[in-house]
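Take the given structure of chain A and dock chain B to it, following the hints.
There are 2 protein chains.
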Amino acid sequence: MIAGLPEVVAKPGLPPEVTIWEVGARDGLQNEPGTIATDTKIELINRLAAAGLPVVEATSFVRPDWVPQLADAAEVMAGITRSSLTRYPVLVPNTHGLERALQAGASDVAVFASATQTFARKNLNCDLGQQMERFEPTVAAARAAGARVRGYVSMCFGDPWEGQVAVGDVISVCEELTAVGCEELSLGDTIGVATPGQVQRLLADLSGSVPLEAVGVHFHNTYGQALSNTYASLEAGVRTIDASAGGLGGCPYAKSATGNLATEDLVWMLTGLGVRTGVDLEQLVATSVWLAGILDRPSPSAVVRALS
Amino acid sequence: MIAGLPEVVAKPGLPPEVTIWEVGARDGLQNEPGTIATDTKIELINRLAAAGLPVVEATSFVRPDWVPQLADAAEVMAGITRSSLTRYPVLVPNTHGLERALQAGASDVAVFASATQTFARKNLNCDLGQQMERFEPTVAAARAAGARVRGYVSMCFGDPWEGQVAVGDVISVCEELTAVGCEELSLGDTIGVATPGQVQRLLADLSGSVPLEAVGVHFHNTYGQALSNTYASLEAGVRTIDASAGGLGGCPYAKSATGNLATEDLVWMLTGLGVRTGVDLEQLVATSVWLAGILDRPSPSAVVRALS
Chain A
1 MIAGLPEVVA
11 KPGLPPEVTI
21 WEVGARDGLQ
31 NEPGTIATDT
41 KIELINRLAA
51 AGLPVVEATS
61 FVRPDWVPQL
71 ADAAEVMAGI
81 TRSSLTRYPV
91 LVPNTHGLER
101 ALQAGASDVA
111 VFASATQTFA
121 RKNLNCDLGQ
131 QMERFEPTVA
141 AARAAGARVR
151 GYVSMCFGDP
161 WEGQVAVGDV
171 ISVCEELTAV
181 GCEELSLGDT
191 IGVATPGQVQ
201 RLLADLSGSV
211 PLEAVGVHFH
221 NTYGQALSNT
231 YASLEAGVRT
241 IDASAGGLGG
251 CPYAKSATGN
261 LATEDLVWML
271 TGLGVRTGVD
281 LEQLVATSVW
291 LAGILDRPSP
301 SAVVRALS
Chain B
1001 MIAGLPEVVA
1011 KPGLPPEVTI
1021 WEVGARDGLQ
1031 NEPGTIATDT
1041 KIELINRLAA
1051 AGLPVVEATS
1061 FVRPDWVPQL
1071 ADAAEVMAGI
1081 TRSSLTRYPV
1091 LVPNTHGLER
1101 ALQAGASDVA
1111 VFASATQTFA
1121 RKNLNCDLGQ
1131 QMERFEPTVA
1141 AARAAGARVR
1151 GYVSMCFGDP
1161 WEGQVAVGDV
1171 ISVCEELTAV
1181 GCEELSLGDT
1191 IGVATPGQVQ
1201 RLLADLSGSV
1211 PLEAVGVHFH
1221 NTYGQALSNT
1231 YASLEAGVRT
1241 IDASAGGLGG
1251 CPYAKSATGN
1261 LATEDLVWML
1271 TGLGVRTGVD
1281 LEQLVATSVW
1291 LAGILDRPSP
1301 SAVVRALS
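The listed protein sequences correspond, in order, to chains A and B. First residue of the first sequence: 1, per this note's numbering; consecutive thereafter. First residue of the second sequence: 1001, per this note's numbering; consecutive thereafter.
Pulled out of the complex, with its shape left as it was, chain A reads as follows (with noise of 0.2 Å):
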């Protein structure tokens, strides 16, 4: 603690190791208003995996006119200096942005579904019942290219246009992704209003349908409860966790998502508990300085600001 960790006490029933699913490369830097120097982003995504993180999610191969934050994404990808220990998945919104994906390199991708119908209006511009007709061509060519998939499911505890979500709602989207060939999925609390039992009622009801181990989490800190809802996730068996340094990102398309989950804050919680992670806190705290210095604002993550 003295050193800038906590002292470790495990809580019985954890797992004993957790893999943080890093997003601040993408989900952080797609929200920011200004441009971002490619140079930039491929230098965090190389400190982000050189601090040992298992996965860093690179970018996102959307229409550049839809993301102009995310155009550089081909040049992203051929920046940045891969490590074997570390999985950089991308975004691809249909098989057109999976084409440039393959080329650019990628070996690992996702597709980003909705369980509301309001959202995947406004985010994919397709009704709910048509995201899967999208998908389905897209996760069977990307499986066809030895390629991993992952399945994002937004708006999954509450919608700022439709209110409350159905459990079920976000059941069948879980269920469907991983029928047409999704291997992992991600619950989005893209607007941060979940709370510990509502995270732990969807996580018991969900694993009816798929596995657990299967599914991570991603959760937002717009109402202050990201992480005790991670920690109510790990109680439940989840052992995905989504997170971004330094705290960065949102939603560009829902104005009340505010801020993900700071991976500093969540591998302070995860080494006091005793779960294995493998990164390195003071690296990633530099990282996360580095990078608020560029951006010229101070980073959300409370540990971030306790050991700078």
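In case anyone wonders, no lab produced these hints; they're calculated from the structure. Every residue, glycine too, gets a C-beta built ideally from N, C-alpha and C.
Reference excerpt, derived from the structure (chain B facing chain A, CB under 10 Å, subset only):
1) Ala1010
2) Gly1158
3) Ala1194
4) Gln1200
5) Gly1224
6) Gly1247
7) Ala1262
8) Val1303
For chain B alone, coordinates are given in the frame of chain A:
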């Protein structure tokens, strides 16, 4: 959720209701760099009580030359409009402070102990072994006057000078406070380093000496851990949670101790969990927005930022 409240999904095993011990008017304002007008303090306390908080810690009868921000303690106590539904505890460092508090009409007081030698010397200006000599006559006189007495214990989970704090040392101080007559305790993570396993270990060990119905927890959010530690405490059987409206506060004698758990973020989680608090979140947020305007800086509470 649409209306600014989370969906309610209970978690089995948690208490049906908890007492939020609001410390913002004391722990929050004593750390303000500038002077807050007495009328502002009075309005804050009245608004917090009106928002349904059952305990509103009002001020501290410490030496005015030590904590000049609270030199108007008697004026604050004389100025507030007392609700029969609310307790208004005040801090008393010694018999002299207690006399002033009782003269000001306090019927609920608290003494402030340390779990570590270094902090006892710095904060109390005495050796660890001597603190009870000071508290014993204070608590006895308070009880004789019919007051309820809480004993705070600071540095329960780590000390910025000593590092790790032995669980046995914390329990010893808790037992001593109980022995001299404290009816309630509050375990403070003064520098915010704790994690859930550590919290549950202390509570489990302490429950052999002191019933957890008489134990509150007081977490700082320095490393972003306050709410998950609170959740872990609820799981362990704690029913009293200290929090600070808008997340104000810290500790003037421990540099790294910044930011109490924000009451609004706590209320969001408890509301979602179906745990009754009696607090009107909308009124509480309005109060913190009003205070942030007077202090001229944004609230560190995520809920306050999201809902204002």
